[in-house]
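Novice: Letter by letter, the chains look like this.
There are 2 protein chains.
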Amino acid sequence: MEKTKVAIVGLGTVGTGVAKLLLDHGDRTARHAGRTLWLQRAVVRDASKPEYADLPEGVVTEDLDDVLNDPEIKVVAQLIGGLEPARTIMLKLLESGKDVVTANKALLAEHGPELFGRARELGQCIAFEAAVAGGIPIITNISQCLSANQILSLEGILNGTSNFLVTQMDRLGMSFDDAVAQAQELGYAEADPTMDVDGTDAAQKLAILAHLAFGAHPRWADIPRLGVDQLDPADLQYARELGYRIKLLAVARLGSEGLELHVSPTLVKAGTPLAEVQDAFNAIAVRGDAVGPVFYHGLGAGQMPTASAVVADIIDTAVGRTRLTFQTLKQFNGDEQPRVSLRPFSELPGRYYLRLHVNDSPGVLGEITGVLGRHQVSIASVIQHEPANDGTSDVVPLVIMTHSAPEGAAGRAANEIENLDCVVGKVIRLRVKVGE
Amino acid sequence: MEKTKVAIVGLGTVGTGVAKLLLDHGDRTARHAGRTLWLQRAVVRDASKPEYADLPEGVVTEDLDDVLNDPEIKVVAQLIGGLEPARTIMLKLLESGKDVVTANKALLAEHGPELFGRARELGQCIAFEAAVAGGIPIITNISQCLSANQILSLEGILNGTSNFLVTQMDRLGMSFDDAVAQAQELGYAEADPTMDVDGTDAAQKLAILAHLAFGAHPRWADIPRLGVDQLDPADLQYARELGYRIKLLAVARLGSEGLELHVSPTLVKAGTPLAEVQDAFNAIAVRGDAVGPVFYHGLGAGQMPTASAVVADIIDTAVGRTRLTFQTLKQFNGDEQPRVSLRPFSELPGRYYLRLHVNDSPGVLGEITGVLGRHQVSIASVIQHEPANDGTSDVVPLVIMTHSAPEGAAGRAANEIENLDCVVGKVIRLRVKVGE
Chain A
133 MEKTKVAIVG LGTVGTGVAK LLLDHGDRTA RHAGRTLWLQ RAVVRDASKP
183 EYADLPEGVV TEDLDDVLND PEIKVVAQLI GGLEPARTIM LKLLESGKDV
233 VTANKALLAE HGPELFGRAR ELGQCIAFEA AVAGGIPIIT NISQCLSANQ
283 ILSLEGILNG TSNFLVTQMD RLGMSFDDAV AQAQELGYAE ADPTMDVDGT
333 DAAQKLAILA HLAFGAHPRW ADIPRLGVDQ LDPADLQYAR ELGYRIKLLA
383 VARLGSEGLE LHVSPTLVKA GTPLAEVQDA FNAIAVRGDA VGPVFYHGLG
433 AGQMPTASAV VADIIDTAVG RTRLTFQTLK QFNGDEQPRV SLRPFSELPG
483 RYYLRLHVND SPGVLGEITG VLGRHQVSIA SVIQHEPAND GTSDVVPLVI
533 MTHSAPEGAA GRAANEIENL DCVVGKVIRL RVKVGE
Chain B
133 MEKTKVAIVG LGTVGTGVAK LLLDHGDRTA RHAGRTLWLQ RAVVRDASKP
183 EYADLPEGVV TEDLDDVLND PEIKVVAQLI GGLEPARTIM LKLLESGKDV
233 VTANKALLAE HGPELFGRAR ELGQCIAFEA AVAGGIPIIT NISQCLSANQ
283 ILSLEGILNG TSNFLVTQMD RLGMSFDDAV AQAQELGYAE ADPTMDVDGT
333 DAAQKLAILA HLAFGAHPRW ADIPRLGVDQ LDPADLQYAR ELGYRIKLLA
383 VARLGSEGLE LHVSPTLVKA GTPLAEVQDA FNAIAVRGDA VGPVFYHGLG
433 AGQMPTASAV VADIIDTAVG RTRLTFQTLK QFNGDEQPRV SLRPFSELPG
483 RYYLRLHVND SPGVLGEITG VLGRHQVSIA SVIQHEPAND GTSDVVPLVI
533 MTHSAPEGAA GRAANEIENL DCVVGKVIRL RVKVGE
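So the protein sequences, as listed, match chains A and B.
This note's numbering numbers the first residue of the first sequence as 133 and each following residue consecutively.
This note's numbering numbers the first residue of the second sequence as 133 and each following residue consecutively.
It is worth saying that the hints were derived from the structure and are not from the lab.
Warning: the hint list may mix true and false statements.
Since copy identity is lost for identical chains, a pair holds within one copy or between any two.
[What the hints assert, rightly or not] Computed list of lysine to any residue pairs in SDA-like fashion (alpha-carbon distance at most 20 Å, straight line):
1. Lys462 with Arg167
2. Lys152 with Gly387
3. Lys181 with Glu204
4. Lys462 with Gly452
5. Lys462 with Glu317
6. Lys152 with Gly424
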């Protein structure tokens, strides 16, 4: 049987999982690849670590040149996170004639056009299934399986850490900080979870999906985004009372006026599929003009789900499918004009959840509805509970759900309300998912 | 831009949808295929039908030879149902040098090894995404996206007609016959819905999936199967009372003793994803040893969802991906030994729902539990309502949920119970889904 030599750069959690699949299940990968996939090298920073002792003699090396200078190594899984040295290593791999598989979404979101352009010049290819949604093969599904469709919308829970935190806050009434501490203990959150919880990670993934599904060329940093780090358990509780759950939704939706793109904690109707995504799971609801709605649900991160995607890419690359897709689709082509324009965030319609604290005095509700009315934001429902009857406070919480209004108008109305004398503290404003 | 000429054989519902996508969205298919996909011919039985008048001049023909003798036509979507002449036409297409795309699951389930063997001999390939689950791209997901995994289990709602009928019976308390009449009116059931409602269609699809996911070679006709045609609204009602829904589940599950395969109306815990699949939707829950659980939900039939899958296959075939997959995976290879053995149905463990009518007299429950006990079938819960207190009947319904027991033992116990003097009429026995 033909043999394709493979290397891994970076034996962290995912790299170790990839090595395990290649070494322990050679029969399985050979059956799907039509050839033996042979793990020739794994490049690490410190080859003396005890956990590498189980790997076959000669596989582990600290020298990238052992990969670059071995012309028999055709496919390399580049599994180093961050931008540098990941970018430089990827360029070196391409320049030495390797096809590259990567799980690094930040690298693609930041340097996609450069890396893909260089790969095309060199006649090499890049596979990146593991960069978005881990075990859910959304890249191949959009690029290949749903290729007969104009994708109309794509709404996803793309950050497992955020979803785990929100699920725990909702289930146990925990504060955000306590949920983070617990998630760190359980291995669901990094020591510094900033990029996960502030919406950066989801925005980078959304930028990649928006490019593949819509031909948009958004810079991830330009995607309007909020994270779950400002969520208060009180909002999860009110959402529940209103028949909703709060999820960190990444949304791309095509309309006649362009593409809507944003990442925000969003109230999603309870009982609908996205609302019921629990713990560290990811899910993506896609709507195509021919296929209609297709819903995907699976583990978005973790060692073996991500390794599953990386090894599928290694197989696709060894078989030659990746090369065909890469040549045909010309993903991340910097010379290509975007096929859609992005709608300005302020113009996007949306429904909103507003929570504020007001003095319990006559005329307050009228004042607030007056501001909303002036900004043409109409009210769908209100929750105002009676004040605590022990007389300790004359400040009461007020929750308002609006009908559809432009983001900009809703934001201006909320600001104006926050400045009213009868309003105490900040106005919390969250988006509400429209449609199923 | 390069041009690949395409033909369609059979302009029924799906064929018309495929023609529509090719003709109206040439820019889209060209972008994904890297070449223009040009609809050269559509072979029909009666070219004079008024609905063909909109197609471009010269496309519609009654003569298959117009396709067979045109060497420029490289890819043919063969969209005729049934076994003959579909089989003969497919062989002719392969022999004249065409790659073939088909949606005909019955043909593959019955003649897969012959057709795939011939295609391999001739150096041609066959694509069949649309044969299972319509718009859910489960074939590509199993064959390609999840290829790093040993699939452990696959549980699906694969027949949209059955699911529509069960949903309506459950929602409206309709009888099976009334639900069929309504489904026929709405276009969700064929004039003769036998193959859909008796489990044949789901068993054919399960045979294809079991082959791809597990390397099994089951004959579809050997797969134990029950349909929804015997379902009584009373069972849907009792299931609901017990916290379940009834769904026609197709199950393939790998264990140390072999592969479990069957199609049966099954009680599925309410609130779990498969239980909440409504109307004509399909869904498939896959579990892989690396990726964990992945859940797919979408439209399993209908013109445009199925056309979406056919056109994705046409694109994959034109790009060359299908050929690579076909050469590598050697699907439906009659010379290959199955990689798993099938477990005898009688040995399969399962939980069961039993419903029967008993005389309301002392000792009856004891007699029945005695029979179950002798067959080592233990009881998890019982519903026995009081008899109608108007004295009109002394026969009462009794519903029993069992713990896990082998199918054979449960069947023998149910038969023995049916023959007890205190039992009136038949014993209804349904499987209960184990696990999430």
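Novice: Next step is simple, just say for each hint if it's right about the structure.
Specialist: Going through the hints against the structure:
1. For the identical chains of this complex, Lys462 and Arg167 are inter-copy neighbours only, at 13 Å across copies versus 27 Å inside a copy, given an alpha-carbon limit of 20 Å.
2. Taking the shortest Cα distances, Lys152 and Gly387 never come within 20 Å of each other, neither inside one copy (45 Å) nor across copies (22 Å).
3. In this assembly of identical chains, the alpha carbons of Lys181 and Glu204 never lie at most 20 Å apart, being 27 Å within a copy and 60 Å across copies at closest.
4. In the homo-oligomer, the alpha carbons of Lys462 and Gly452 lie at most 20 Å apart both inside one protomer (16 Å) and across protomers (16 Å), since each shortest distance falls under that limit.
5. Taking identical chains as interchangeable, the C-alpha atoms of Lys462 and Glu317 are never at most 20 Å apart, the minima being 42 Å within one chain and 46 Å between chains.
6. Taking CA atoms no more than 20 Å apart as the test, Lys152 paired with Gly424 passes between copies only; the shortest distance there is 16 Å, against 38 Å inside one copy.
Violated hints, in rising order: 2, 3 and 5; the structure is consistent with all others.
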